[in-house]
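K.L.:
With the hints as your guide, set chain R onto chain Z.
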Amino acid sequence: MDFVQVQNLCKNYPDATRGEFKALDNISFAAKAGEVFGLLGPNGAGKTTALRILATILQPSSGSVRIYNFDVTEQADLVRHSIGFVSNNTAIYDRMSAWELVEYFGRLYALPADRLYPRMEKIFRTLQMEEFRDCPGAKMSTGMKQKVSIARALIHDPPVLIFDEPSLGLDVMVARALQSIVMDLRDQGKCIIYSTHIMREVERLCDHVAIIYKGKLLDTGTLEELADRHEQNDFEELFFQLLTKGDKGHFDAKPPVDLGMRIRTASTSSQGRAL
Amino acid sequence: MNWSHVKWIFHREVRDQLRDRRTMFTICIFPLLLYPLMGMVMLQVAQFHREQHVSIGIFGLENWPSDSPLILESSDPSQIQWKTLTVDDSIGVTLEQFQSVQTQTNSEVKNKSTESYIVDGKAAEKLLRQVHCDAVIWVPPGYHNSISDNPLVILSNQRWERSQLAIRLLAEKLEGWHLSWIRTQLAWTELGTALVDPLAIRQLDVSRPEVKRALVWTKILPFVMLIWALTGAFYPAIDLCAGEKERGTLETLLCSPARRKEIVCGKLLTIMCFSIGTALLNLASMHLTTSIVMAQFSGLGAIDMVASLGPLPLHSMGWLILLVLPISAMFSALSLAVASLARSTKEGQYYLMPLLLVGMPLVMLPMIPGVTLSHGTSVVPVTGAVLMSRALIDGEYGLALLHLPTVIAVTLFCCFLSKRWAIRQFESESVMFRDSERSSVAQWLINVWRQREDTPTCNESILCGLLILVGLFFGRFSLSGMPLSWTSVVQSTIVTQLGLILAPALIMATMLTRSARKALRLHRPRPLEIMAAASLAVCLHPTYVAFAAAVGNEYKLGEQTTSMLMQFDSIISSTPIWQVLLMLALIPAICEELVFRGFLFAGLQRKGGQVRAILGTAAFFGLSHGVLQQTITASVMGVMIGWIAYRSGGVACTIAFHLMHNSISLLLASYSSRSVNSPHWLSWAIEQSDGHLAYTTTWRILSVGIAITLIAWFATRESVFSKRRKSVVLNDLYEQQMKLTA
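Protein sequences appear in the order of chains Z and R.
All the letters of the first sequence, read from the start, carry residue numbers 1 to 275 under the numbering used here.
All the letters of the second sequence, read from the start, carry residue numbers 1001 to 1742 under the numbering used here.
Errors might be hidden in some of the hints.
For lysine to aspartate or glutamate, the following EDC-like pairs were computed, each having C-alpha atoms within a straight-line distance of at most 16 angstroms [to be verified]:
# : chain 1 : residue 1 : chain 2 : residue 2
1 : Z       : Lys145    : Z       : Glu100
2 : Z       : Lys245    : Z       : Glu231
3 : Z       : Lys145    : Z       : Asp171
4 : Z       : Lys139    : Z       : Glu100
5 : Z       : Lys139    : R       : Asp1020
6 : Z       : Lys22     : R       : Glu1429
7 : R       : Lys1261   : Z       : Asp77
8 : Z       : Lys214    : Z       : Asp25
9 : R       : Lys1607   : R       : Glu1429
Hints were generated in silico from the structure; no laboratory data involved.
Chain Z on its own, in the form it takes in the complex (with noise of 0.2 angstroms):
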């Protein structure tokens, strides 16, 4: 079943000098459970967008988005019980400590007490954040702020994760301790959207992928399926010339998507820590 659906998404937004920008045009995807969806791009290409209207943040100029097969301009409450959001730049309460943050979210998605506490243990064992459960949000470094927004997005168990660039400003130690935690996440049947222009993480986490740049898809599909297509093995490589391309107007005809096709079908073994 695909979790995220996206068609002919765009978003035009007003602009005083630039007059109408289109920060998507056209965009089409589809993401099902238990597989890492990695959306690329450069800086600028709209993936920060898409993401945002993934997560009921913004409303799409045109076309349709379902989450867990509900609509998130005409559902969006339910969009928002269905998903997890975290963001390179979603900060977190200087004045809360973790364990209250994690706390508040619960509330908010209405989880009785005797859910929330059980699962916050949990999640907090998991993600080992118990060292600095009481230490205010001022105080963390950035490793420990990412892992309790995780920690946020996954309280209410959502079936879809969206994750925007996460990995930005961690060392690789921490870098790889995501990659860890968004392995097991997948492991467990959840659809990941994963946003990164980082193509080791790519390499390394995604089952498909899209490559926007400007707001236009370029691209879609397995990496084996890019590879072949492009005849070029090196994704890094790849990547540069499908964004020269780009740049030169080359990709008029892009590839139907095939929501259907799928080579790599991702394990939905609980081999991982379920949380």
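P.N.:
For chain R alone, kept in the frame of chain Z given last:
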């Protein structure tokens, strides 16, 4: 609305603010420290305060009447130190110098009671410095023989505060001496001293001491409390909106299950909490401090001061606490909406001053002497609430009860509007996710030109309205003054209507839109609707006249305005009626409707803003009338015309309405001034009353019924707007169908 979300957001925000040391210091700790510290300083100053003494020199004391001496140690104010001086070479002052000073000085103030002259001028300064006195009297030779023929000369330097005090004390002293001298003179005659004080007055103050003591506080405290309520609201608002945006935490909250209006409510309650808390803490701290300081002052013997400015009565505090609730709610919502515009805390601080400047007149208005709670002031936001609290503190419960529903309704309405505005801000992507933009005027102008649409944008309409108001403001200054003739009325009308009202809208419609016709909402007129609109104007006129009279009673016209209107009436009564109707009915109807219900309405009603368009154009229309009374009546009538403009979809009907309304007003005024009786065939509707033409009771009642019927007719007709919307939807569906088919 999920109140559980509101509760948890409120709970978190309050806890967060309580943990913020800066906020806590500014709105909680600072008030607690401020007043005790101020009280301490006042007490310190009071301990060292001494009465200021002045030195008054007197030349020629030997010339003063010996039977009625000027200097009496027993009765003189203790502040005056007399210094007897002699005109000799030792101090370098001669009689000639005095005489020359008297002739050189430009200003002379004649004191009628003492027949003396107080001389002020530069030349006196040198003399005063020489004798080391704050003021000097020169008693001329022969003064004791005839005090009226030989004026006293008093030298002072009004630039010196001590000299001002010396003159004041000396004037009191001379006044007293003068009365005493008259009494002495009369005692020798048969007339008796009763002539000096023919009136015996005994003044009795019936006010209760506690109410009298609260008098000063009733003016000061609401002001202090409102300022703190606003300050207490604004700082948390900045932190809760701009601060969260800056820290990036708002995005987290926006994708949580809490809806935008729930987030706004949670934050609003928090801000309200701190606003009320700050105001009350200030009141409590002020109350405590004044009680202690006044007790100390009474111990120091400052009985007069304690009697006039005693400790704040407790019942006053109770009323102020009641007042602070709605006012804080309004300020909180307003602060939240304004703060949500800011991208950062720093930017938020910039918005505080405009908010204060806008709010300040409303807070200051009740402090103007003579402004009391009335039907007129009770509808003014903030001002009405302040005056209400003052009435309650003064014990005028009947008056307060009479205006309580109006004040509560106005305050709640303002709260509702502010909250709605705040929710709109939170729902607006352009406000919530605004990036810092570089301003390039040239690029902006190019884009405005390139992206012109058929109708103006909302911002363009508001800009046009503001330009018109500013133009009228300056235009009225240059055109102000009494209309002297019909020619000056014509000139004024043409400049105002064509130059200041129509021209900006026409220029903007041409430059900023692709279709001036659509921008001005010119459409093919429908005769039936036009007739209905004109008939509605006729039927609503009696109600309008009654409403205008009520407004006129509540807000009395000034003498100058009244005489100007009378002059205006006399001018139009001596002018051919067709000219009056052309200049004052037809031209304003066309110009004002094209602008207000045309260009402004077109922009404001975009994106489903029909209510905004009706109320907005009514406000601009009202404000374009210079006199307050006209502003109120025109605004109310503007709502009606705006509604007709919405229902009819253009300006043809509103022009008919406006033309008919103005024509009837002018005809009635003109024929009243000419003392012309109403035609016989109209006697059932118009009658002669007190020298004016007025509506009969029959027509007043009947007209209301017909007006309601006509309004119902307009309301039940399918509006042009909904027709257009339907056709747009159908076109879209058709296009989609065609695409699918293809």
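K.L.:
Hints first: check each against the structure and report whether it holds.
P.N.:
So, going through the hints one by one against the coordinates:
1. Z:Lys145 <-> Z:Glu100: Satisfied, since the Cα-Cα distance of roughly 13 angstroms is no more than 16 angstroms.
2. Z:Lys245 <-> Z:Glu231: With a Cα-Cα distance of about 14 angstroms, the restraint between Lys245 of chain Z and Glu231 of chain Z holds, given a limit of 16 angstroms.
3. Z:Lys145 <-> Z:Asp171: Measuring from Cα to Cα gives roughly 13 angstroms; hence the hint holds.
4. Z:Lys139 <-> Z:Glu100: With a Cα-Cα distance of about 15 angstroms, the restraint between Lys139 of chain Z and Glu100 of chain Z holds, given a limit of 16 angstroms.
5. Z:Lys139 <-> R:Asp1020: 15 angstroms, holds
6. Z:Lys22 <-> R:Glu1429: 15 angstroms, holds
7. R:Lys1261 <-> Z:Asp77: 13 angstroms, holds
8. Z:Lys214 <-> Z:Asp25: Status holds; Cα separation ~8 angstroms.
9. R:Lys1607 <-> R:Glu1429: 15 angstroms, holds
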